[in-house]
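Participant: Read in my numbering, the sequence shown has 174 at position 174, and its numbers run on one by one without any break.
Every clue listed holds true.
Derived EDC-like pairs (lysine to aspartate or glutamate); straight-line CA-CA distance at most 20 Å:
#, residue 1, residue 2
1, 166, 90
2, 85, 183
3, 47, 28
4, 61, 89
5, 85, 134
None of these hints come from the bench; they were simulated from the model.
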Amino acid sequence: MTDRKILIIEKAAELFAEKGFDATSVQDITDACGISKGSFYLSFKSKDNLLFSIFEYFTNKLIRRMAQLNDINVDARERLKLFFKVQFEEIARYSDFILMQMREQTNPINEEMLQLMNNMRRRTYELQEDVLIDVYGEKVERHLPDLHVLLHGILTGYIEIIIFNKEKLNYEALAKFLVARTDSIVDGLTEPFLHQKQLIGYEIDMNELLFSTSQIIEDIRALKSEHIEENLQISLDVIEEELLSESIRKPVILGMISNLKDDIRTEQVVRKLQLNLKQK
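Please put together the full structure from these sequences, using the hints given.
Facilitator: This is the structure in structure tokens:
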């Protein structure tokens, strides 16, 4: 994403939170950014398109922050605490915008928005799954669906307080408290109630197994046409070259996937690639 797009997104989010979506004009946004309307429309087709991009930007940023916790040198329990804390911090940062969206209901739940929400839910579950296994060991694996639902409910309750209550909470203390509560939940687990395919938006549809290499190449080319960041462009170029070659080098593709997996825009391509490679 270009610096200009990020500037427009950040300024627009502030204006939408302050004035409301309908009351904020494109002119208001361009004035706040110090750019022309022409520059705005080179970046976004419309105000509605911008609104969706704001959601995409925020969710991508949150996923990236959670994924980066895997790269820091801390023990598993500390990482679980930070996993909770990061979510509270990002929600708090954009709480005014989220509140505006909830009040005005400006963005209808269309197929594109549903896909974004499902991608975020799935990626959050995957990252949460990794850290839960790191903390509590393999014994929790069969309980993961129930743990996901229980933690989602607890987190949602506190997130609602963050959004609606203007008094700032101590996110460090809250995250520590939730690690202790997670300990209690794990200690009290008996027989699992849910199984993985019952998790909405998490289980991989079996139809995805049918995606061919040619379909993945088409998806890659569509992504590259969106003028994405150079590092993503290079990784997609390498993957496409490998898929087109007579002898595919799986380690090369897997290496490039590691550069893509934390970006919501490439979520579908990554999943299709992983499924495709398992069949080879």
